[in-house]
Structures are given as C-alpha cells and as structure tokens.
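Colleague: Chains as they are written, first to last, in my numbering: chain A, 1 to 520; chain B, 1 to 520.
Treat the hints with care, since some could be wrong.
The list makes no distinction among identical chains, and a pair is therefore deemed to hold if it is satisfied within one copy or across any two copies.
Calculated lysine to aspartate or glutamate pairs in the EDC-like style (CA-CA distance at most 16 Å, straight line) [said to hold, decoys possible]:
no., residue 1, residue 2
1, 448, 462
2, 48, 242
3, 428, 126
4, 30, 318
5, 358, 46
6, 79, 501
7, 515, 422
8, 448, 239
9, 68, 412
10, 354, 39
11, 54, 359
12, 358, 39
13, 425, 388
14, 137, 356
15, 79, 39
What the hints contain is simulated information worked out from the structure, not anything from laboratory work. Since this is a predicted model, take the numbers as computed values, not measurements.
Chain by chain, the residues run as shown.
2 protein chains.
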Amino acid sequence: MLRVNSRLLTTRKSQFMFTSNSLRFLATFKPADPLTTHDINPQTVEAKYAVRGKIPIIADELNELIQKQPQSHGLPFSKIINANIGNPQQLEQRPLTWYRQVLSLLQYPDLLKNGDPETVKSLYPEDVIERAQSILKHIGSIGAYSHSQGASYFRQSIAEFITNRDGGYVSHANNIFLTSGASTAVSYLLQILSVNENSGFLIPIPQYPLYTATIALNNAKPIGYYLDESNHWSTNPQEIRELIETNQSQGINIKALVVINPGNPTGAILSSQDIIELIDIAAEYGIVLIADEVYQENIFKGKFVSFKKILSELIEQDPQTYKHVQLASLHSTSKGVSGECGQRGGYMELVGFKPEVKDVVFKLASINLCSVVSGQALMELMINPPQEGDPSYPLYKSETESIHNDLESRAESLYQAFLQMEDIKCNKPMGAMYIFPTLDFDPAQYHKLYSRAKNSNLQIDDIYCIELLEGTGICCVPGNGFGQKPNTYHLRTTFLPPGKEWIDKWINFHKSFIKKYKDE
Amino acid sequence: MLRVNSRLLTTRKSQFMFTSNSLRFLATFKPADPLTTHDINPQTVEAKYAVRGKIPIIADELNELIQKQPQSHGLPFSKIINANIGNPQQLEQRPLTWYRQVLSLLQYPDLLKNGDPETVKSLYPEDVIERAQSILKHIGSIGAYSHSQGASYFRQSIAEFITNRDGGYVSHANNIFLTSGASTAVSYLLQILSVNENSGFLIPIPQYPLYTATIALNNAKPIGYYLDESNHWSTNPQEIRELIETNQSQGINIKALVVINPGNPTGAILSSQDIIELIDIAAEYGIVLIADEVYQENIFKGKFVSFKKILSELIEQDPQTYKHVQLASLHSTSKGVSGECGQRGGYMELVGFKPEVKDVVFKLASINLCSVVSGQALMELMINPPQEGDPSYPLYKSETESIHNDLESRAESLYQAFLQMEDIKCNKPMGAMYIFPTLDFDPAQYHKLYSRAKNSNLQIDDIYCIELLEGTGICCVPGNGFGQKPNTYHLRTTFLPPGKEWIDKWINFHKSFIKKYKDE
C-alpha cells in the first residue's frame with residue numbers, strides 16, 4: 001500500500017482547492033472494484049417479494065413507456081391496471097372525509113388558533129375540530145417524536161377499542177405498539193424470534209410474501225402448512241402438529257405460528273373452532289402466535305372473531321393452561337374501508353409475553369425512534385370514529401357503507417367472472433381484498449403450455465400472468481410468489497379496480513389464452 | 001404428547017360455544033412456559049440504544065410521577081427537560097407554517113375541490129395552494145402506497161436540489177430512496193453489507209448509537225475510529241488506514257466507513273480536506289462510504305460541503321480512480337430548522353453502486369412497501385421552499401431565520417455555561433444540535449466519585465447524568481452511550497430546551513456536584 005503522507009496531502013489540497021478542473025490529480029493508489037451481490041449479505045440477495053417482484057416491475061416499465069409515448073407505445077392497452085397490490089387509493093377509492101379533515105387540522109393547528117373561527121367552522125364540522133383539539137392537547141405537535149411505542153393517548157384509545165371489540169376482555173395500553181403499517185410489527189417479531197438458522201416459523205401456504213421475505217432476511221426457516229383450498233382455505237391443526245413434531249425431531253426450534261385472518265391471498269375467514277385449535281397448539285408448544293388481522297374490517301360473508309377474544313375466553317375458563325400463550329395481533333390503517341396505505345398507520349398488541357422479552361421489542365422500536373405520528377393519529381381516527389348524533393356521522397356512515405358495498409360487489413363480479421372462465425376454479429371470497437383462483441390447466445390437455453414452461457424456465461402461473469399483463473395491462477401476481485401445493489397453479493388478484501371493463505378484458509384474454517394453449 | 005382427537009374437539013366446541021364461563025374446560029396437555037431472553041435472538045438482546053436507554057427511561061418514570069401526583073411527587077423540580085434527544089417540537093420549537101399549510105391541503109384535497117375558493121384563499125396563501133395542487137396532480141392521493149423508492153415526482157425534485165446544492169454535479173432520481181427519517185436508510189445499508197460476523201464497520205467514536213445498535217442487530221463488527229477532541233473532533237485518516245490494515249490482517253472484511261457530518265454527538269464539521277482523505281480510503285479499499293449528513297442545515301460556524309460534491313469533483317479530475325467509490329448520503333426532515341421528527345421524512349442517495357446491489361436495496365424498500373407519503377411530501381417542501389417573490393416567502397424567511405438564530409444563541413449560551421463550570425471542557429459547537437463536553441474529573445482529586453463508581457457498577461458519566469436528572473429534571477445521555485476514549489467521560493446534551501432557567505439550574509447543580517465529590 002502507498003501511504004498518503006502529509007507532504008502529498010498538502011500538494012493535493014492545493015491542486016484540489018485552487019486549480020482548474022483540467023489539471024488532474026494523479027492518484028497514488030489502485031482503486032478497488034465496487035461490490036457485487038457476492039460481496040453482500042446473501043440473505044438479502046435471496047429474499048423474494050413477489051408483490052413488487054418480476055411482473056409488477058415489467059408493469060412499471062410498460063407504464064413508463066405509455067407515459068413517454070402515449071401515441072406510439074404500440075401496446076394493445078392504454079393503461080396498467082394494478083391488481084397486484086392492495087392499494088385502494090391508487091385505484092380511485094376516495095379517502096374518508098372524517099380522517100382527512102382531522103389530519104388536515106393536525107397538520108395545521110394554527111388554523112384553530114389564529115384562523116377566523118367562523119371561517120374554520122364553515123370548512124370543518126364541529127366534531128372534527130373537537131377531535132383535533134383533543135389530540136393536539138394530549139400529544140402536542142405531530143412533528144415531535146412520540147414515545148417509542150406510540151403516544152400514550154393513542155395507545156389508551158386503541159386499548160379501549162380492543163376491549164369493546166372483544167366483548168369486554170381488557171386490553172392494556174402498555175401492550176400496544178404503534179407501527180408503520182403491519183409490516184414493521186412483523187419485522188420486529190421475526191427479528192427477535194430468529195435465534196439461528198434452526199429457528200422455524202410456521203406460515204400458511206399460500207401466504208403473504210412479507211413473511212417468507214422477512215424469514216429469509218433473518219436466515220431462519222419457513223415451514224409451510226397448507227391451507228385447505230377444498231374447504232374454504234381452512235387450517236388443519238393435525239397437519240400443523242405433525243409438522244411441529246417432525247421438525248422438532250430434526251432439530252428445528254419452532255418459534256412462531258403465523259396466521260393471516262381474514263386470509264391474504266385467500267380471502268377466507270377462520271372459524272372460532274379453528275382459532276381455538278391454533279391457540280391450543282401455541283399453548284402446548286410455547287410457540288408465539290402471530291395473528292395478522294389487518295383485514296378484520298373487510299368481511300363480506302361470515303364473522304370476524306379476534307384471536308385475542310378467544311384467547312381471553314380460554315384464559316377465563318382455564319387460566320393455568322392459557323395464561324402463558326404469547327399472542328401478537330396486528331392491525332393496520334392500510335386496509336379495511338380506510339385503505340390509507342401511504343399513511344403507514346398500524347399497531348400490534350402483545351399479550352402473554354414476559355416483560356423482559358417485551359423490553360427487547362421496545363428497544364427495537366426505540367432504535368427506529370417512533371412510527372409516523374400522523375399515522376398514529378389516523379389509527380385513533382379509525383378505531384374511534386364519529387358516533388350517531390355527531391355532525392360527521394352521516395357522511396362517515398354513507399362513505400364507509402359505500403366503500404364496503406363497492407368492495408363486496410366488485411368481489412362478487414370478479415368471482416362470477418372466474419366461475420365462467422374455462423379451467424379456472426375459485427372459492428367465493430369471504431373477506432380481505434383478494435381472490436386466489438386456481439389455474440386448473442391439466443397437463444394432459446395443455447401440452448403447448450407445459451412445453452413452453454419447460455423450455456422457458458417459467459412456471460405455468462408466470463406464463464399466464466405475463467401474457468395477461470402484455471395482452472390487457474392487468475397486473476396480477478403468480479401464485480408461486482405466495483406458495484402453492486406442488487403442481488397447482490394460482491394467481492392473486494385484488495378486486496379493487498373499479499368498473500367492469502377490466503373484467504371483460506380479462507374474460508376475453510382468458511378465452512384467447514385457452515384457445516392458444518389448450519389441445520384441440 | 002396427547003393428541004387432540006376430533007371427538008374431543010367436538011366436546012370442546014360445545015363447552016366453549018354454549019356453556020357459561022363458570023364451567024371450566026379441562027386441558028388435555030401441559031402448557032409450555034413463555035419465552036425468556038435466553039430463547040430469543042441474542043443480537044436483539046445485546047443491542048444497546050442509549051438515547052432512549054436507562055436514564056431516559058428513569059426520566060419517563062419521574063415524568064409519570066409528576067403527572068400523577070402534581071402536588072405530592074416530592075421531587076425538587078416540576079418538569080423533565082428532555083435534552084437527551086434531538087426532538088425540537090417536543091421543546092416548543094414551532095413547525096414552519098409553509099410545511100404545515102401544504103400538508104394540511106394534501107391531507108384534505110376536497111377543500112381545494114369543493115371548498116369556497118375565496119374562503120380557502122383567505123386561509124392558505126396562493127403558492128401553498130399551487131404547490132399542493134401540483135403535488136396532488138403528480139402523485140394522486142397521499143393515502144396510496146408510492147413507488148418503493150418514493151414517488152418519482154419527489155425523487156426528481158430531490159435530485160434537482162442535490163444538483164444545485166453541489167454546484168451543478170448531476171444527481172439522478174433513480175439513485176434516490178425516500179426513507180422514514182435517516183434510520184431506515186442506515187438499517188438497509190447495514191443489513192445488506194453485513195455478510196457475517198467478520199463484516200466490519202468503521203464508526204466514529206463518539207458516534208450516534210443507531211450505528212452500534214444496528215451493527216449489533218446484524219451480528220457484525222463495529223470498529224471504532226477516534227475523533228480528535230483536541231482538534232475540533234476532526235478525523236485522522238492515518239489512524240483509519242491503520243485500523244483497516246490491522247483488522248484485515250485479522251480476517252475482518254471492512255464493508256463501510258460511517259461518517260457523521262455535521263457530527264452527532266460532537267457538533268463538529270469536517271473540512272473538505274478531511275472529506276477527500278476519507279474518499280481516498282473508500283476508493284482504495286472498496287469500502288462503502290455512509291455519509292450521515294442529516295445536520296447539513298444546522299451550521300453555525302464554518303461551511304457544510306457534501307461528500308457527494310467532493311466525490312463529484314474528484315471523479316471529474318480522475319475518473320479512473322474515483323468512479324467506483326460507493327457513497328450513500330443521508331438526509332432527513334427531522335433536523336435542520338425543520339425539526340419535523342414525528343413526520344418521518346428522509347432520503348438517501350446512492351452513487352457508485354452496481355445496479356445489482358442497488359436492486360437489493362430496492363427489494364428491502366419494497367418489503368417495507370414505501371415510506372410514509374406525507375413525509376415524502378415534507379421532504380419536497382423542505383428542499384424546494386418558497387422563493388423570493390412568492391407569497392409565503394417573507395414568513396418562511398422570518399421563521400427559518402428565527403429558529404436558526406435561536407438554535408445558535410442557545411448553543412452559545414450553553415457553551416458559555418460549560419466554559420465556566422469547574423472541571424468541564426468543551427469544544428465550541430459548529431453545527432448539529434448537540435454539545436459533548438468532557439467531565440474532566442481527575443481521579444486524584446475526586447476520590448469519593450471514583451470510589452462510588454467502583455462500588456456501584458456505574459461509570460463516572462452515569463453518576464453525573466443520574467444526579468443531574470434527579471436534582472434538576474434535566475435528562476442527558478452519558479458519553480458511554482456514544483463511545484469515548486478509555487478513562488474519559490462525557491455527556492451529550494441537546495441545546496434545544498428554550499430559556500436560560502434550565503442552564504442556571506445546571507450551573508447550580510454542577511457546583512453542588514463538585515462540592516459533593518471533589519477532594520477538599
């Protein structure tokens with residue numbers, strides 16, 4: 001190595017500081033090459049996240065082409081329909097007025113202090129003004145860092161919401177952590193639970209790829225348990241127990257059981273009985289239950305019952321057996337009828353954890369300082385909305401009902417469309433925002449398709465989704481991004497895009513796909 | 001293991017669903033114990049984060065006591081002064097009106113669509129309305145997820161800001177990643193660069209504890225290089241080179257060199273010459289430069305020059321040597337005169353990275369979906385503020401000047417106070433929000449203090465900060481949370497708290513501390 005001595009530095013300084021750029025400095029060392037993917041953390045290289053993976057990236061490129069060359073892009077469509085991600089406000093779902101009015105005042109409290117009161121009242125209903133004042137009084141500025149777990153005022157309010165939702169079983173504010181959507185909660189939990197590469201996580205198949213991605217980042221082991229497509233994507237506790245026993249006998253230490261209810265990508269809802277059986281497993285094996293309940297408001301059929309409620313009932317019946325069950329339940333402002341994805345609001349409730357373990361979660365939250373405070377406020381507005389008699393109530397009610405009905409009728413339209421498509425099978429969506437139909441293409445009848453797959457290193461569902469995108473602009477995610485039983489193929493689509501035109505395009509595309517690939 | 005068979009489940013179900021709570025269910029298995037810290041990821045247990053660590057936690061408890069028993073708490077003060085964290089708006093710094101007016105409209109665009117235009121104009125200046133309209137036109141709703149790197153409109157604007165700041169050297173929007181404050185950027189970078197426990201990270205001592213905490217979480221190796229307190233906390237490139245050579249010879253693979261400029265906790269500013277020498281090190285050894293430049297607006301003395309600008313000049317002079325230097329530079333809306341910590345805005349610019357490595361960062365950002373979109377908008381408002389002639393300009397100018405002057409005069413007052421305190425040494429703060437004075441307590445003169453430390457398992461700076469908190473309510477962070485040379489003791493305080501009263505309390509406390517512990 002050539003060491004830079006102080007004389008040289010002096011020379012250099014004068015060259016650098018005082019001469020024109022045409023005079024070049026002669027380096028005294030040989031520069032190194034930049035890093036490649038072989039030089040960085042292999043877990044970060046290997047993790048996969050299909051929701052914004054290969055096909056959505058192609059969609060982005062096509063979209064860019066359309067923007068740049070609106071007249072001459074040469075594509076058979078003029079816009080991309082993003083059915084790959086549950087992002088309602090990207091697809092014309094309007095935000096709830098109640099949320100946005102309060103957030104508007106929280107961002108600009110001077111309006112309340114210095115604005116002409118009559119003028120302000122002409123623009124904002126009285127209960128909006130009161131709520132904003134009450135929040136500001138308790139938390140101060142939304143521009144200040146809050147407590148690492150989130151402002152105590154919001155946590156108290158969330159605890160009351162949970163208590164009411166669950167029929168009176170008490171929730172405590174110090175068990176609540178405000179998070180950036182639910183993703184941060186998943187990240188904290190999987191990080192603390194990943195001891196080494198033998199730490200196992202039971203995840204549903206199909207699953208939301210955040211889980212496999214985060215498990216991969218933590219170099220832990222995903223253990224998939226199949227949801228039963230033939231029985232509304234229900235869980236099979238016996239299979240889960242067998243997986244635990246098998247994996248334990250192979251030295252895998254199972255740390256958590258992830259349950260997504262209502263299901264993503266399946267749109268299914270668990271019964272109380274399913275939930276009891278999963279809690280039993282957690283109790284018996286000392287496994288943390290991660291209940292991803294972000295779609296709890298998106299229910300079209302059946303009823304949502306929280307893990308917390310059932311666990312509380314079980315503890316009441318049999319405290320010795322259930323008091324140590326460790327449950328993390330997750331919620332978000334991104335889904336439901338809120339759809340406020342970009343605002344990054346969310347919370348998790350931790351029950352049954354030892355204080356020393358909760359302290360570690362607290363430390364992770366502290367390292368991130370706090371979740372965005374406007375998102376914390378939005379969570380409060382979501383779980384504590386206007387009540388009958390409040391000035392904002394009628395509009396709030398009509399907006400939420402309209403969004404809910406829209407989602408339900410879109411789900412139904414898309415479901416009906418899948419039912420009539422040749423060689424597509426589909427469960428009726430009960431909740432969430434997604435349908436996960438089977439591409440039921442029998443190899444004996446689709447020789448061209450399977451030979452294309454073989455020759456192209458693509459899977460059947462990849463081919464279908466790519467051709468759907470290229471033919472119609474509709475962007476979905478192949479089932480292999482979520483996990484599926486071997487030799488089965490699916491896709492996940494949201495039912496968020498408005499209108500029926502895109503569904504008609506899909507039906508037509510499907511006919512031509514069948515014509516192209518099915519044996520005659 | 002007792003397997004739950006289907007008959008039992010049926011019995012159970014009926015018990016659970018239909019009987020009163022007084023009838024208890026008899027469990028068929030022995031429940032497991034909950035996890036302890038021995039069962040979870042040891043890196044998460046071991047990571048330390050002093051800014052919200054031991055002493056701030058005591059402060060929170062005292063604060064709770066004051067809130068609960070305002071008349072009978074028995075403490076010698078009536079409020080906590082949080083000088084432990086750079087959180088300006090917690091300490092009465094007012095947000096800039098320009099930011100909050102635009103954000104208010106972004107949250108409630110219906111005001112622009114449906115509100116009476118004259119009324120809206122009476123509350124919001126014209127350029128505020130125009131900016132809000134322009135942002136909404138480009139990004140749609142702030143309630144939608146943006147592109148994983150952040151909305152392209154904002155990234156374009158940030159790239160233009162960097163280009164102008166750095167004298168015309170071009171920045172590209174596709175190199176910009178919007179992040180939640182700068183912490184997320186640090187987390188992505190350290191995560192991808194941590195290959196195994198032999199991955200080394202050069203960090204300054206003293207440093208912001210986010211770095212040691214994140215390195216610990218990634219099970220990598222922190223390698224401290226000392227800043228030279230006797231020379232305004234400057235860097236010593238020769239020492240850094242020696243550290244690299246020594247560590248490499250011991251099998252450590254040095255991945256990144258972290259530089260905080262302006263410094264936290266030191267408040268110092270690097271010279272251009274310092275920066276050149278650090279870039280040379282990065283070029284020669286192929287080490288990623290992480291330039292934490294979040295305090296670039298907080299300059300009271302000297303001049304801030306970005307790493308990106310100097311690197312661009314060097315590339316212009318000698319492209320072969322410098323074109324592969326990998327630089328990540330970080331900025332935030334939390335600091336500067338903005339102080340909008342709770343809004344979680346930030347960005348990083350990546351230059352010199354291979355596309356395949358940048359793709360991995362993109363994937364990590366995608367797994368988190370996107371940073372909060374209102375925080376992205378705030379970043380745009382910060383780097384693209386009103387210009388002379390715009391209606392908002394006069395107020396914007398007077399507010400920013402007033403905050404800047406306040407910070408400067410508070411820094412000066414506190415600095416002067418430290419100068420007059422017995423056995424305290426202190427560099428004049430040049431930037432950022434912090435002072436990091438030395439507690440220059442000679443063991444030969446402070447026998448009682450050193451023997452207390454020995455008997456209590458506390459360090460000298462711990463004792464000082466605890467007694468300061470308990471005596472005055474002022475909450476600081478002991479230097480050992482940031483790192484310090486052996487047998488030296490410091491503390492970090494922000495100079496954000498308003499007024500002089502707290503400084504007078506500190507001076508009095510210090511006198512009594514000296515009286516208590518210094519040999520007579």
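Colleague: Should residue 358 paired with residue 46 be assigned to within, between, both, or neither, using CA atoms and 16 Å as the limit?
Modeller: between (30 Å within a copy, 14 Å between copies)
Colleague: Should residue 425 paired with residue 388 be assigned to within, between, both, or neither, using CA atoms and 16 Å as the limit?
Modeller: Classified as neither: same-chain Cα gap 43 Å, cross-chain 63 Å, threshold 16 Å.
Colleague: At 16 Å max between alpha carbons, let me know whether residue 428 reaches residue 126 within a copy, between copies, both or neither.
Modeller: neither (42 Å within a copy, 51 Å between copies)
Colleague: How would you classify residue 79 and residue 39 at a CA-CA limit of 16 Å: within, between, both, or neither?
Modeller: Neither, since 39 Å and 51 Å both go past 16 Å.
Colleague: With identical chains treated as interchangeable, where does the CA-CA distance between residue 48 and residue 242 reach 16 Å or less: within a copy, between copies, both, or neither?
Modeller: neither (27 Å within a copy, 39 Å between copies)
Colleague: From the Cα coordinates, with 16 Å as the cut-off, is the pair residue 79 and residue 501 best called within, between, both, or neither?
Modeller: Answer is within; shortest intra-copy Cα gap is 12 Å, inter-copy 62 Å.
Colleague: Regarding residue 137 and residue 356, is the shortest C-alpha distance of 16 Å or less found within a copy, between copies, in both, or in neither?
Modeller: neither (32 Å within a copy, 48 Å between copies)
Colleague: One pair to classify: residue 448 and residue 239, alpha carbons no more than 16 Å apart. Within, between, both, or neither?
Modeller: Neither way: residue 448 and residue 239 sit 36 Å apart in one copy and 66 Å across, limit 16 Å.
Colleague: Reference check for the pair residue 515 and residue 422, CA-CA at most 16 Å: within, between, both, or neither?
Modeller: So residue 515 and residue 422 pass the 16 Å test inside one copy only (10 Å; across, 89 Å).
Colleague: Up to 16 Å between alpha-carbons, please classify residue 448 paired with residue 462: within, between, both or neither.
Modeller: within (15 Å within a copy, 73 Å between copies)
Colleague: One pair to classify: residue 358 and residue 39, alpha carbons no more than 16 Å apart. Within, between, both, or neither?
Modeller: Classified as between: cross-chain Cα gap 13 Å, same-chain 35 Å, threshold 16 Å.
Colleague: From the Cα coordinates, with 16 Å as the cut-off, is the pair residue 54 and residue 359 best called within, between, both, or neither?
Modeller: Close across copies (12 Å), not inside one copy (39 Å); limit 16 Å.
When the structure is compared with the earlier hints, violations turn up for hints 2, 3, 8, 9, 13, 14 and 15 and for no others.
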